[in-house]
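Go ahead and model the full structure; you've got the sequences and the hints to work with.
Protein sequences, first through last, are from chains A and B.
If you read the first sequence in this note's numbering, its first letter stands for residue 1, the second for the next number, and so on.
If you read the second sequence in this note's numbering, its first letter stands for residue 1001, the second for the next number, and so on.
Calculated from the structure, these hints are not laboratory results.
Possibly wrong hints are sitting among the right ones.
Distance ranges between label pairs, derived from CB positions [claimed, not checked]:
1. 85/A to 1239/B: 47 to 53 angstroms
2. 108/A to 1130/B: 49 to 55 angstroms
3. 1140/B to 104/A: 54 to 60 angstroms
4. 1088/B to 189/A: 40 to 46 angstroms
5. 1004/B to 167/A: 56 to 62 angstroms
6. 1186/B to 28/A: 50 to 56 angstroms
7. 1178/B to 17/A: 56 to 62 angstroms
8. 296/A to 1178/B: 44 to 50 angstroms
9. 154/A to 1116/B: 26 to 32 angstroms
10. 1070/B to 86/A: 57 to 63 angstroms
We treat Cβ as the ideally placed atom computed from N, Cα and C, and that holds for glycine.
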Amino acid sequence: MKKNMKRYLFVAILFLILLVLPFCLPESIVYLLGLMFLFILYVVSWDIVAGYTGQINLGHTVFIGIGGYTTALLQNSWRFTNFMDFLAPLPPLPIWLTILLGGVNALITGLIVGIICLRLRGYYLALVTAVLPLICIQLVNIYSPVFGGYEGFSIGFGKSLAQRVIFRYYFSMTVCVVSLLALYFILKSKIGVKFKAIREDEELAESVGMNVVKYKLLAFCISAFFAGIAGAVAVHYRLTVGTDLFDIPLMLMIILSAIIGGLGSFHGVILGSVIIYLLKNWIIKNALGLMRLEFPDEIILYFLLIILILKAPRGIIAKLSELTRTEVSRVLFKKE
Amino acid sequence: MITEILILGTVIGGIWALVASGFSLMFGVARILNFAHGIFFVLGAYFTISLNSKLSSVLAQYSLPFSIFLSIFLVGIVGLIIYRLFLSPLKEHEIMVILVTLAIALLLEELLLMIFKDISISVPSVLHGTLSFFGIPITYTRILALFLAIALLVILELFTNKTRTGKSILATSQDKEAAMLIGIDVDRVYSMVAFISASFASLAGILYSQIYAVNPETALRVLIYAFAIVILGGLGNVRGSIVAAFIIGYLQVATSLSLGTRWSEVLAMIVIISILIIRPKGLFGVEV
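What follows is the structure in structure tokens.
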């Protein structure tokens, strides 16, 4: 009981810090932090399929992108002309509704992908799911009058979540916190246990009477829904939609964050995504700026990534918490 | 149209067969899914261009063939180094191998973009002129590409089945532990396969860039085709991959002639996914 109290206290303090933070930081960093919340959601939702049910889905960005494009297109329904004409005269819908529809659309995609992946194992699963985002990028490019091609399109300033960055920050924080809570309770419940059973031994789970097919599909649906919501919110946050939502570098960052945090560990994955996001978008960029080096920050990032994987293939945080048995790490990474 | 598809498809199929056989060999022997395979393809073309421009004043007309040979060798060495440094210590963690090869591919792509900018390049042809075949003009470059691709695949087949070293590769792919027990140096076999796989891809890249243009982003498209082919042919099944490479080649040319080039990748991928839904282990699949 006492341990639980400490945990709640820790979360409450963290929450307070996040609430006050935008008042103490420059606007550009607040903007970054807001996007970071959505990135956390991408990673945690990926971890449901990869970490909990143990299926390496390399096509998670499909869900993010579909969520994003759904809301962007519904907000700009004239883009459907000559493509899906019945959708073109759609009246302007409220933003929260199209974000939700983005999530639903991603969920349907997740169900289809899940059905395709049911019969695939291991490497075949990895290959097929790796191909899916590439198909999406090609399709977006082929129908560029609708989807805006590689560059994407701007959804219009009026479609923003809020005019001021600070309110957008709070919005994305709320979405993130609510979704994380929902996911936390789902994974805490019997469903989470069943997901883990699939990961540990699929045949055994089936032989004790578990409906493996149902839970595998459920994992895909939950994962896709939250990724779609996060992608849709990201579009309204940045005001643009583009193929970067589908692209491989994003997928790489997601996998990397989950692995650094330790697959299948809820808190670890969140921390991992914070570290990777800040490292990519803030620390490396600033360091390069300070050293007046004129080359893409991605190069440094990929280089660090390779070193990191070589040195600690079991996850950085697992390694750190082994090394430092402090109170914080015990609270954060308590074995569940 | 049919003859055009057959002729052009055979040439491109030969090039894809080179790419896919290396990819499949690496998986079949070392169980490594190499996402950096596409970058070897592109590196081959870029090495040749750079070497040729440096050497052309010294070697005159011999400069191009020499640079081609040298860059095939160099890319093979790059593949070997990548294997020794990054893949060999991680081999047991399958996700880590995917991640690290993906990161290497993106890193090298960014480096190429930084050095050569986003401009498409073409390697100059070794042979000039065209041949008319059933009324369709074919450049000698294409004929040479097909000839080289088939010759190399035949050599690979002979090498793995007839020579002692080749047989040790075959043995390792069938059973790693048993191969170790009878005294095969498995790690040496893996290094050899990494070298062969990368140099095949680079030759394919050089041949491709004599016909079409290549830029750093081509690496990704090549990887898509390699995936498609090995899924169709069965992971780790080199002969299946070669057959699948020609199927994909015909399909690619047929779609780009009828629907437009940009559709060819989408259609190829959709066909592959539908095949997998029906036969989860690929057309000529083996147990993984």
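Query raised in the report: What hint numbers does the structure not satisfy?
Result: none
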